[in-house]
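Q: The chain contents come next:
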Amino acid sequence: MKALMKKLMVVALVFAVLPAWAIQVRDDRGVTVTLPSPPQRIVSTLPSLTETVCELGACQRLVGVDRYSNFPASVRSLPQVGGGIDPNVEAIVALKPDLVLMAVSSRGVERLESLGLKVVALEPKSAVDVQRVLGVVGQLLEARDAQRVWRVIDAGVHAAAQSLPPKAKSMRVYFEVNQGPYAAGQSSFIGETLARLGVQNIIAAELGPFPKINPEYVVRANPDLIMIGARNADNLAQRPGWAALQAIRDKRICVFSPEESDVLVRPGPRMADAARIMAHCITKQAR
Amino acid sequence: MPDQHRLARWLGALLLLGATLALLLGAGVGSTGFESVLNASSDPVAWQIIWDIRLPRTLGAWLAGALLGLAGAVAQGLFRNPLADPFLLGSASGASLGVAVALALFGVSPYATEWLVRLGLTGAAFAGAVGGVLLTLALAKGVHHTLRLLLAGVIVGVVLGAVKDLITIAVPDILQAMQAFMLGSTGFVGWTACGVMAATLLPAMAVAWALSQVLDGLTLGEATAHSLGLPLAPMRAALVAVLALATGSAVAQTGLIAFVGLAAPHLVRSIVKTTHGRLIALSALMGGLLLMVADVLARWLIAPQELPVGVLTAVLGGSYLLWLMHRRSARGGFL
Chain Z
6 MKALMKKLMV VALVFAVLPA WAIQVRDDRG VTVTLPSPPQ RIVSTLPSLT ETVCELGACQ
66 RLVGVDRYSN FPASVRSLPQ VGGGIDPNVE AIVALKPDLV LMAVSSRGVE RLESLGLKVV
126 ALEPKSAVDV QRVLGVVGQL LEARDAQRVW RVIDAGVHAA AQSLPPKAKS MRVYFEVNQG
186 PYAAGQSSFI GETLARLGVQ NIIAAELGPF PKINPEYVVR ANPDLIMIGA RNADNLAQRP
246 GWAALQAIRD KRICVFSPEE SDVLVRPGPR MADAARIMAH CITKQAR
Chain E
699 MPDQHRLARW LGALLLLGAT LALLLGAGVG STGFESVLNA SSDPVAWQII WDIRLPRTLG
759 AWLAGALLGL AGAVAQGLFR NPLADPFLLG SASGASLGVA VALALFGVSP YATEWLVRLG
819 LTGAAFAGAV GGVLLTLALA KGVHHTLRLL LAGVIVGVVL GAVKDLITIA VPDILQAMQA
879 FMLGSTGFVG WTACGVMAAT LLPAMAVAWA LSQVLDGLTL GEATAHSLGL PLAPMRAALV
939 AVLALATGSA VAQTGLIAFV GLAAPHLVRS IVKTTHGRLI ALSALMGGLL LMVADVLARW
999 LIAPQELPVG VLTAVLGGSY LLWLMHRRSA RGGFL
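Top to bottom, those sequences are chains Z and E.
For the first sequence, the numbering used here assigns the number 6 to the initial residue and increments by one for each residue that follows.
For the second sequence, the numbering used here assigns the number 699 to the initial residue and increments by one for each residue that follows.
Please keep in mind that the hints were generated in silico from the structure rather than gathered at the bench.
Note that the structure is a prediction, hence the values are computed from the model and not measured.
Errors might be hidden in some of the hints.
As the list claims (entries may be wrong) - With a straight-line cut-off of 20 Å between C-alpha atoms, the simulated SDA-like cross-links for lysine to any residue are:
{"#": "1", "chain 1": "Z", "residue 1": "K130", "chain 2": "Z", "residue 2": "R156"}
{"#": "2", "chain 1": "Z", "residue 1": "K217", "chain 2": "Z", "residue 2": "P186"}
{"#": "3", "chain 1": "Z", "residue 1": "K130", "chain 2": "E", "residue 2": "Q874"}
{"#": "4", "chain 1": "Z", "residue 1": "K217", "chain 2": "E", "residue 2": "V861"}
{"#": "5", "chain 1": "Z", "residue 1": "K101", "chain 2": "E", "residue 2": "Q874"}
{"#": "6", "chain 1": "Z", "residue 1": "K101", "chain 2": "E", "residue 2": "A744"}
To be verified - Every beta carbon over 10 Å from chain E, so not counted as near; a handful from chain Z, in silico:
{"#": "7", "residue": "V30"}
{"#": "8", "residue": "Q45"}
{"#": "9", "residue": "N93"}
{"#": "10", "residue": "K101"}
{"#": "11", "residue": "S119"}
{"#": "12", "residue": "K130"}
{"#": "13", "residue": "Q144"}
{"#": "14", "residue": "R153"}
{"#": "15", "residue": "L169"}
{"#": "16", "residue": "M176"}
{"#": "17", "residue": "Q184"}
{"#": "18", "residue": "P186"}
Note that CB positions come from ideal geometry on N, CA and C, so glycine has one too.
If we strip away everything but chain Z, and leave its shape as in the complex, we get (with noise of 0.2 Å):
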């Protein structure tokens, strides 16, 4: 009787303990993982995460990041583990890591997986993404100001459309992503971002997050303000019928360079960043 009282206290103790313990949290697949402890090792696959984990406050808990993680500055330092297309297997199981963050899109998120690495693959894609993404790893790092973080970068978009000139909220933007030509439409990262500093976008909402469209259809539309990446913006009034755009004439275009660039197609932390780089170029340009 007296062993089997002894047995039931350790089992109740166990069930007390465990919950405190363990870290249990449903990834962007569907796939509930569960960490045994706060990741102390971890690696990360894509900039957005990598700037996340960062921005809680765990930068040094990183061991390695892929290529394209420039930010912050430390993160550079670190052994680099190849790409989001093609991450490099060995050189993650090397580093020993107790969390890997992927994209969903990411390969070899199964091969890690099967090798026995704790996974978790996220997809941040819009605003509402970067809040829930934020959530996911505070959680996984125990990290109890998530949502204060959030609500800092939500004040900081605000603060950045308060900022703007009445004059501005009438001004018709296109935001060219690259040259295929594919825009920023409503539904993405960007056109959000757009949406909350008040300008009109001029791709229409069905067209979805990054549609390709006919130059002819900038040239309809006619914005009044041009949004383009520095690698994108030579020779855009030789374009045909580029010239007579209203924004070309006015030379009232916004050309971001390649660490601003950054900033504004990454759904993560430095969101009101983003805000800010649009803000500060549609006041001077509304003038």
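Following the hints, position chain E against chain Z.
A: What follows is chain E alone, placed relative to chain Z:
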């Protein structure tokens, strides 16, 4: 001819020896360098790197290369065309389309997730590759007319490629994952994938070997092959099936790896003149060795980073073929 037979045997032995050496080399090369081998007995992670990552991927590279080499030799014999490639019958574009469809469904429909997880992208690629070949055969109305078959293969390749592009434009979210698939890589091959490829290679090799005399007959022309009294139609259909299955399972495990299937039979023929039975076996050995060496190079060239092996085979295989063509045309022949 006996000389050539002996040469073929020597070549086979050399290729096997080369593969064994490359396998040992492959166990020692990777982003963590040779230290992993030295520490393997004491460090469980080093042991895992050797045993569960380097060995299966090196062996997997050999198996995938062998499948592609085998398929290449069969294709070149079947179509009596030295430029025939296992990807010729629409298998490559079919596989990419399969992956694109799977990814698009995965992103769009929540109901698709359940069976898709079970089937996986690997299954989708395999189904796509086999589907592409079947479509080509349907368009060519069977395997009788070599020219019609080749033409149908080209058409299916272009059309399926265009449909894949349409899907990527409609669902741009899958662009990243598609790109990952198109870059052929052996980096994700585990023991299971090796098992699947070995299970395809053995029967494919057996069937191709058994039917090689039809290919020998075909080199003398279709009429001669008929006059030999061989049941041409079923034998050809069986060879096309071998072609589709071998290519499909290699593509499904490693993505698109260019030129191995094209270059392996050429290399063998430039060394030894032999019958198709031996040519097929030697091409498989040659393809295996080629991809294995390319894989080791891909890991070693920019270590600790690594190149996708498909990029490397395209560059090396492409330059080799150009050189071969140049040399042959300088001598007055063409391939």
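Q: Does each hint fit the structure? Answer for all of them.
A: A quick look at each hint next to the structure:
1. For the given pair, Z/K130 sits about 18 Å from Z/R156 by alpha-carbon distance, which is consistent with the 20 Å threshold.
2. Distance hint between Z/K217 and Z/P186 is fulfilled; the C-alpha atoms sit about 6 Å from each other, no more than 20 Å.
3. As the CA atoms of Z/K130 and E/Q874 are separated by approximately 13 Å, the hinted pair is consistent with the 20 Å bound.
4. As the CA atoms of Z/K217 and E/V861 are separated by approximately 16 Å, the hinted pair is consistent with the 20 Å bound.
5. The hinted pair formed by Z/K101 and E/Q874 fails the criterion: a straight-line CA distance of about 27 Å is larger than 20 Å.
6. For the hint pairing Z/K101 with E/A744, the CA-to-CA distance comes to about 10 Å; that is within 20 Å, so the pair holds.
7. Every CB of chain E lies more than 10 Å from the CB of Z/V30, the least distance being 18 Å, so the non-interface label holds.
8. Remark: the non-interface label on Z/Q45 is consistent with the geometry, its nearest Cβ contact in chain E lying 16 Å away (cut-off 10 Å).
9. At roughly 6 Å from the closest C-beta of chain E, the C-beta of Z/N93 falls inside 10 Å, breaking its exclusion from the interface.
10. Listed as a non-interface residue, Z/K101 fails to keep its Cβ farther than 10 Å from every Cβ of chain E; the least gap is roughly 6 Å.
11. For Z/S119, the shortest C-beta to C-beta distance to chain E comes to about 6 Å, within the 10 Å cut-off, and the non-interface label is violated.
12. With a minimum CB-CB distance of about 7 Å to chain E, Z/K130 fails to clear the 10 Å threshold, and the non-interface call is violated.
13. Non-interface status of Z/Q144 relative to chain E is upheld: no Cβ of that chain comes within 10 Å, the nearest being about 23 Å off.
14. The claim that Z/R153 is not at the interface with chain E holds, since no C-beta of that chain comes within 10 Å of its own (minimum 31 Å).
15. The claim that Z/L169 is not at the interface with chain E holds, since no C-beta of that chain comes within 10 Å of its own (minimum 29 Å).
16. No beta-carbon of chain E is positioned within 10 Å of the beta-carbon of Z/M176; the least distance is around 26 Å.
17. With a minimum CB-CB distance of about 14 Å to chain E, Z/Q184 clears the 10 Å threshold, and the non-interface call stands.
18. No Cβ of chain E approaches the Cβ of Z/P186 within 10 Å, the least distance being about 12 Å, so the stated non-interface status holds.
Of the numbered hints given earlier, the model fails hints 5, 9, 10, 11, 12; all others are met.
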